[in-house]
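Colleague: To convert, take the position in the sequence shown, counting from 1, and add 6; that gives this note's numbering.
No lab work stands behind these hints, which were simulated from the structure alone.
Being a predicted model, the structure only gives us computed values, none of them experimental.
Just so you know, even glycine gets a beta-carbon here, dropped at the ideal spot from N, CA and C.
Some hints could be false.
To be verified - Quick list of the computed label-pair ranges, beta carbon to beta carbon:
{"hint": "1", "residue 1": "R11", "residue 2": "I45", "range": "33 to 43 Å"}
{"hint": "2", "residue 1": "V46", "residue 2": "R11", "range": "31 to 41 Å"}
{"hint": "3", "residue 1": "R11", "residue 2": "L35", "range": "18 to 28 Å"}
{"hint": "4", "residue 1": "T14", "residue 2": "L35", "range": "36 to 46 Å"}
{"hint": "5", "residue 1": "Y9", "residue 2": "L32", "range": "16 to 26 Å"}
{"hint": "6", "residue 1": "E36", "residue 2": "T14", "range": "20 to 30 Å"}
{"hint": "7", "residue 1": "Y9", "residue 2": "R44", "range": "16 to 26 Å"}
{"hint": "8", "residue 1": "S8", "residue 2": "V46", "range": "31 to 41 Å"}
{"hint": "9", "residue 1": "R44", "residue 2": "T15", "range": "36 to 46 Å"}
{"hint": "10", "residue 1": "T15", "residue 2": "C43", "range": "14 to 24 Å"}
{"hint": "11", "residue 1": "D31", "residue 2": "Y9", "range": "17 to 27 Å"}
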Amino acid sequence: MSYLRDFTTKFMFIPVLSLKHVEEDLRSLETSLTRACRIV
Numbered sequence: 007m008s009y010l011r012d013f014t015t016k017f018m019f020i021p022v023l024s025l026k027h028v029e030e031d032l033r034s035l036e037t038s039l040t041r042a043c044r045i046v
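Just need the whole structure built from these sequences, with the hints factored in.
Modeller: Set out below in structure tokens:
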């Protein structure tokens, strides 16, 4: 449980810009996965 608490604490300190950056990364990753699924 301490791991989860540490993760939550670190997550709360991430700036909004970093969150937006992560969101963009996830979106591009999702796009890549979609393309990979189409190929398969």
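Colleague: Which numbered conditions among the earlier hints are violated in the structure presented, ordered from lowest to highest?
Modeller: 4, 7 and 10
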